[in-house]
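Student: Those protein sequence lines, which keep their order, are chains D and G. Residues are numbered in the numbering used here as their position in the first sequence, beginning at 1, plus a constant of 1. Residues are numbered in the numbering used here as their position in the second sequence, beginning at 1, plus a constant of 312.
These are calculated hints, taken from the structure and not from any lab test. Predicted, not measured: the structure shown is a model, and the values here were computed from it. Cβ atoms here follow ideal geometry from the backbone N, Cα and C, with glycine treated the same way. It is possible that some hints are incorrect.
Ranges between beta-carbon positions, derived for each pair [unchecked claim]:
no., chain 1, residue 1, chain 2, residue 2, range
1, G, D335, D, I63, 41 to 49 angstroms
2, D, G186, G, D388, 17 to 25 angstroms
3, G, K444, D, P46, 52 to 60 angstroms
List time: in silico BS3-like cross-link candidates among lysine-lysine, alpha-carbon distance up to 27 angstroms [unchecked claim]:
no., chain 1, residue 1, chain 2, residue 2
4, G, K455, D, K96
5, D, K65, D, K144
6, D, K152, D, K92
7, D, K96, D, K152
8, G, K439, D, K92
9, G, K451, G, K426
10, G, K361, D, K89
11, G, K361, G, K439
12, D, K193, G, K439
13, D, K96, D, K144
14, G, K361, D, K92
15, G, K361, G, K444
16, D, K152, D, K65
17, D, K152, D, K193
18, G, K455, G, K361
19, D, K193, D, K55
20, D, K92, D, K174
21, D, K152, D, K174
22, G, K455, G, K439
23, G, K444, D, K92
24, D, K193, D, K61
25, G, K439, D, K89
26, D, K89, G, K451
27, D, K65, D, K55
28, G, K451, D, K96
29, D, K61, D, K89
30, D, K89, D, K174
Not everything, but these chain G residues come out facing chain D in the computed CB check (under 7 angstroms) [claimed, not checked]:
no., residue
31, L386
32, T392
33, T450
34, A452
35, E453
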Amino acid sequence: MSLTRLRLLLWLMVGAVGIGLVALVWRQSDPQRSASTSLGTIGGPFTLIGTDGKPFASSKLIGKPSAIFFGFTHCPDVCPTTLARLTKLRKQLGKGQDAFSIVLISVDPERDTPADLREYVTLFDTPVIALTGSAAQVEQVKKQFGAFSRKVEQPGGGYNVEHTAAVMLMDEKGDFVATLTPEEGDQVALDKLERITA
Amino acid sequence: MKRALPICFALLVAACGQNGEPDIQLGNAWARPTRGDSPGAVYVAINNKGSADDRLTGAFSDHAAMAMVHQSELVDGVATMRMAGEINVPAGSRIEMVPGGTHIMLEGLRAPLKTGDSFELVLKFRKSGDRKVTVDVTKAEQK
């Protein structure tokens with residue numbers, strides 16, 4: 002290849018990158034595109050069963066932001082730790098227990114009866130809304146929230162449930178805002194809670 | 313060369329020092345309360361003040377049918393749990409179990425753990441043998 006042809010080829014490549022960059026900037030500055038994200042698809046109305054054994058409609062959560070967590074009462078480490086963290090964060094936020102609802106949705110409806118959940122939440126020194134339901138109801142809610150869980154048989158009998166660790170933060174209208182994950186520091190978590198309770 | 317000999321000897325002695333004894337001390341053992349037949353999780357601080365490594369190989373308690381060294385892990389955002397196997401406790405190191413990581417899982421508790429209660433747990437070490445520690449049941453929202 003002659004030097005002139007090589008030079009031409011290189012310039013063509015520079016040109017292609019330039020066109021790509023312009024296209025990228027144009028795409029990002031398109032207001033319609035940046036306004037529509039897929040966040041709106043997480044959540045939505047659902048019906049489960051409350052600790053009183055009666056149907057619990059998600060409309061009861063509207064009017065106050067909420068922190069929704071998928072867990073189960075036979076979970077020794079991660080679930081009580083997450084609820085303890087939410088309890089602590091709600092105190093640190095300093096806006097009282099009404100600032101946002103802490104909601105636990107059981108991913109183990111087979112074992113978690115409303116009575117079990119009622120007893121479980123009394124372990125925490127703060128109001129927690131605990132919900133269970135039929136297997137189909139829980140499956141449906143998991144799907145709406147993009148939450149994952151699966152049963153894992155244990156060697157000594159019984160089973161553990163693996164589940165999404167993130168807490169879903171919803172605003173007072175019930176719209177998804179952000180997640181709280183175990184890895185992020187408390188300051189990041191507090192900033193997010195500050196935002197949904199502003 | 314002659315001058316280097318004592319240095320070589322000193323290095324050899326230092327290396328031999330690795331064959332000393334581990335000195336395992338347990339402390340700060342706590343658990344959250346539990347309900348019904350749910351398993352519990354105990355968190356312990358292990359201090360090896362000795363000059364040799366040791367390994368945590370297992371645990372048992374009169375308060376539970378089974379005690380296992382467990383590890384919670386986050387895999388692609390999903391909380392999972394597995395047996396931890398043996399845990400190395402190097403000479404001069406301190407391992408503090410914290411929620412969301414390594415813990416002693418108690419399966420088949422004789423009675424649910426209640427805030428304010430305490431019970432004994434034994435951790436088994438390869439060299440140091442069985443070491444006892446008292447576990448305090450804290451409030452659920454502690455730590």
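Student: For K439 (chain G) and K92 (chain D), compute the direct alpha-carbon distance and say whether it is at most 27 angstroms.
Tutor: Distance of about 45 angstroms is beyond 27 angstroms: violated.
Student: Run the distance test for K96 (chain D) versus K152 (chain D): straight-line Cα separation, threshold 27 angstroms.
Tutor: Distance ~37 angstroms between K96 (chain D) and K152 (chain D) Cα, so the pair is violated.
Student: Do the Cβ positions of D335 (chain G) and I63 (chain D) conform to the proposed distance bound of 41 to 49 angstroms?
Tutor: 59 angstroms, violated
Student: Measure nothing beyond the straight line between the CA atoms of K96 (chain D) and K144 (chain D); if it is 27 angstroms or shorter, mark the hint as holding.
Tutor: Measuring from Cα to Cα gives roughly 32 angstroms; hence the hint is violated.
Student: Let me know if the C-beta of E453 (chain G) comes in closer than 7 angstroms to any C-beta of chain D, holds or violated.
Tutor: 4 angstroms, holds
Student: Run the distance test for K92 (chain D) versus K174 (chain D): straight-line Cα separation, threshold 27 angstroms.
Tutor: This hinted pair holds, its Cα atoms lying about 23 angstroms apart.
Student: For a C-alpha distance cap of 27 angstroms, please report whether K193 (chain D) and K55 (chain D) respect it.
Tutor: With a Cα-Cα distance of about 32 angstroms, the restraint between K193 (chain D) and K55 (chain D) is violated, given a limit of 27 angstroms.
Student: Does K61 (chain D) sit within 27 angstroms of K193 (chain D), going by the straight-line distance between their CA atoms?
Tutor: Judged against 27 angstroms, a Cα distance of about 22 angstroms means the pair holds.
Student: Need the status of pair K451 (chain G), K96 (chain D): alpha-carbon distance at most 27 angstroms?
Tutor: 22 angstroms, holds
Student: For the pair supplied as a hint, K361 (chain G) and K92 (chain D), confirm whether the alpha-carbon distance does not exceed 27 angstroms.
Tutor: 38 angstroms, violated
Student: With a cut-off of 27 angstroms on the C-alpha distance, tell me whether K439 (chain G) and K89 (chain D) pass.
Tutor: Distance ~40 angstroms between K439 (chain G) and K89 (chain D) Cα, so the pair is violated.
Student: Taking 27 angstroms as the top limit, are the C-alpha atoms of K455 (chain G) and K96 (chain D) close enough?
Tutor: Satisfied, since the Cα-Cα distance of roughly 21 angstroms is no more than 27 angstroms.
Hints 1, 6, 7, 8, 10, 12, 13, 14, 16, 17, 19, 21, 22, 23, 25, 33 from the earlier list are contradicted by this structure; the remaining hints agree with it.
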